[in-house]
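**Student:** Chain residues, written in single-letter form:
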Amino acid sequence: MDLSRQKKAPIYEALERFRKLHVVPFDVPGHKRGRGNPELVKFLGQQCVGVDVNSMKPLDNLCHPISIIKEAEELAADAFGAAHSFLMVGGTTSAVQAMVLTACKAGDKIILPRNVHKSAINALVLCGATPVYIDPKVDKELGIPLGMEVADVKKAMDENPDAKAVLINNPTYYGICSDLRSIVKLAHEHGMLALVDEAHGTHFYFSDKLPCSGMEAGADMCSVSMHKSGGSLTQSSLLLLGPAMNPGYVRQIINLTQTTSGSYLLMASLDLSRRNLALRGKESFEKVARMAQYARDEINAIGGFYAYGRELINGGSVYDFDVTKLAVLTHKIGLAGIEVYDLLRDEYDIQMEFGDISNILAYISIGDSIQDIERLVGALADIYRLYSKPEKKLFSAEYISPQVVTTPQTAFYAEKESLPIKDCAGRVCGESVMCYPPGIPILAPGEVITKEIIEYISFAKEKGCSMQGPESDDISHLNVLKI
Amino acid sequence: MEFWFEELHTDNVKMSIRVDRQLFSGESEYQRIDVFHSPEFGRFLVSNGSVIFSEADEFVYDEMIVHVPMAVHPGVKKVLVIGGGDGGVARELSRYPEIEEIDVVEEDQLFIDVCKEWFPDNACGLEDPRVKIYNENGLRFLRSRQDQYDLIINDCTDPLGHTAGMFTKEFYGNCYRALHEDGIMVYQHGSPFFDVDEEACRAMHRKAFRSFPINRVYQAHIPTCPAGYWLFGFASKKYHPLKNFDAKRWNERNIKTWYYTTNMHGGSFMLPRYVEDLLLEEEESL
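From first to last, the protein sequence lines stand for chains A and B.
Residue numbering for the first sequence follows my numbering, beginning at 1 and increasing consecutively.
Residue numbering for the second sequence follows my numbering, beginning at 1001 and increasing consecutively.
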């Protein structure tokens, strides 16, 4: 990384120059630097709406960058150790979809972990590829899905040598990392592309004390949520390419679905965040890691709660752990994660990132202070004192290998009918069924509903698992493909 | 020379104090601290632009937050002061011979140093041999304390700034746990008059009211506070601030005060209707 070059922020600088030109706007957006919408100016500020502008010669064009956006993309590529990068304005969802759509076309196979983000499944609906799923192992105590084991990936590749790519979630929401280097190496040996969904791993690029990043592992494409740990505005993201990819083709794929009016607010926020990460990321993330570790130690000292860390590492399904993540197991104090999540918000004015059946997750970032960490720890200590109950046994899920008979695309567009769940055996499912914990789909569109699955769904429901996905709220019916 | 310190109490109300000279300005990890000398208030200390106390009116605050609970609780031996790095609260506490330990938890060392240098009449309270200063976060300190104190005084003033954690349900809950079964907690309750302060005042009552079986609010007149009007909270596990108040016992101590009297004690719990109403609304919102 060329540090002196990283001090530049070409989009931000061009917007600042543009602001001073006082150009008379006879172009969109129609609010004309806010003059046409005073309420919006009052709400967002002149500083903000004044640079909500359209593509034009001095400001380049996101669909076909030749000047400042091109330079910002080159700088981002340099900062992240990529051969090429794209500024994305449709969220990391758009970056994940661009990866899948670049790698596969209708009829191709792609290897994915079963707990993949819905943006990837939706990309399969768009392109018509066939998923080959890998069982992410589940930690029975924590009730969370883990990473992919290399042996499972190898088996899937050997059984599906025609697959075009493997998609890796790294890290997971909970901070679990797979053995990225080995999986990438394996993919390349099998002539497949290695795609990494790094929505929760932007910071890996800026610290040598954190797990290996996708580009460092030699991946071909990585989707990086700059707006999560990177500090840019919501909905802005980066797509990174390795040296083997053709950036021109990827740009065409992106342009299939991306807006032609890319927001300069989002692009400038990416530009400034990239600069900040390149110049100050290392110390910032070391501070974040220290705060998270402090919080873990203090929470574990309360008793009852378990804030997990690197001790989970087992060389396989937990190859590494992202220490900036602060996930806390709550079910040992007799409370579901979601109950603690609600208590923290309603009683203590603390908003967590999420709560599932057995865990809560606090997102620690460069915006936090130690005083806020004390509040969280203090609140958990108070919850332990006031609300703890005897522990309930956690339902442990067994992985059921899915039988994919048709692509998610075919299933999505097929004619469907709603049947009582008991009558669904042998039919092809038209929707997703997800079970929490551990948040792994039981069924996805295009998969056979077996007797075993029906039994599992009713058993999980009886055990108090939260089931999501289908149209019918109580999961009494499923939409299946008409025969 | 016209040299004025100004503080916005609301967007539309400003307090100005003529200043002779600035004595100190410095910044810690937590706050910017300024010390001025003024003809009217003597020296006064400012944190992030807000007056924390002045030589002329600190006695009101320090006396009211200490003598009110001390005239109620019959046997205070161990006291915890959260914040209070200036020493004024410790100074008032040190007038009671039966108190054995005074733990002062002040996170900001700079605040202590500045008070020692510029407010020796307050900071002398920290010199008492019973005082032990802990340089750490109040919430963190409280987490490991259980059934240890007779009295906790929350001397933090700003419910929105770096001491926001001391105005939360977790703080009141952790205080409850740190107190003996007959313990009392008193705390700054803010000023109820201006709209911008009202919500913070309501929120404090809402949280403290739910954390302790007895919860009453009392008042004082403090010129440098917004609207010159300040409230204190009295949260208690056992003793009622009026029913268990022992004027005779307190008067026999012969403690010299400038604000607090045992007549004032009862009167300070008699609140204006609008304050009573807003507190009642919070109590009934549960």
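Just so you know, the hints here were simulated from the structure itself, not pulled from any lab data.
Check the hints yourself; a few may be wrong.
Unchecked claim - Straight line, CA to CA, 20 Å or less: simulated SDA-like cross-link-like pairs of lysine to any residue:
id, chain 1, residue 1, chain 2, residue 2
1, A, Lys393, A, Tyr306
2, A, Lys287, B, Tyr1030
3, A, Lys137, A, Tyr363
4, A, Lys287, B, Asn1012
5, A, Lys42, B, Ser1028
Only a predicted model underlies this, so the values are computations on that prediction, with no experimental measurement involved.
**Student:** Next step is simple, just say for each hint if it's right about the structure.
**Tutor:** Status of the hints after comparison with the structure:
1. A:Lys393 with A:Tyr306: Satisfied, since the Cα-Cα distance of roughly 16 Å is no more than 20 Å.
2. A:Lys287 with B:Tyr1030: Measuring from Cα to Cα gives roughly 17 Å; hence the hint holds.
3. A:Lys137 with A:Tyr363: At roughly 24 Å apart (the allowed maximum being 20 Å), Tyr363 of chain A and Lys137 of chain A break the hint.
4. A:Lys287 with B:Asn1012: Given that 20 Å is the threshold and the Cα spacing comes to 40 Å, the pair is violated.
5. A:Lys42 with B:Ser1028: violated, 34 Å
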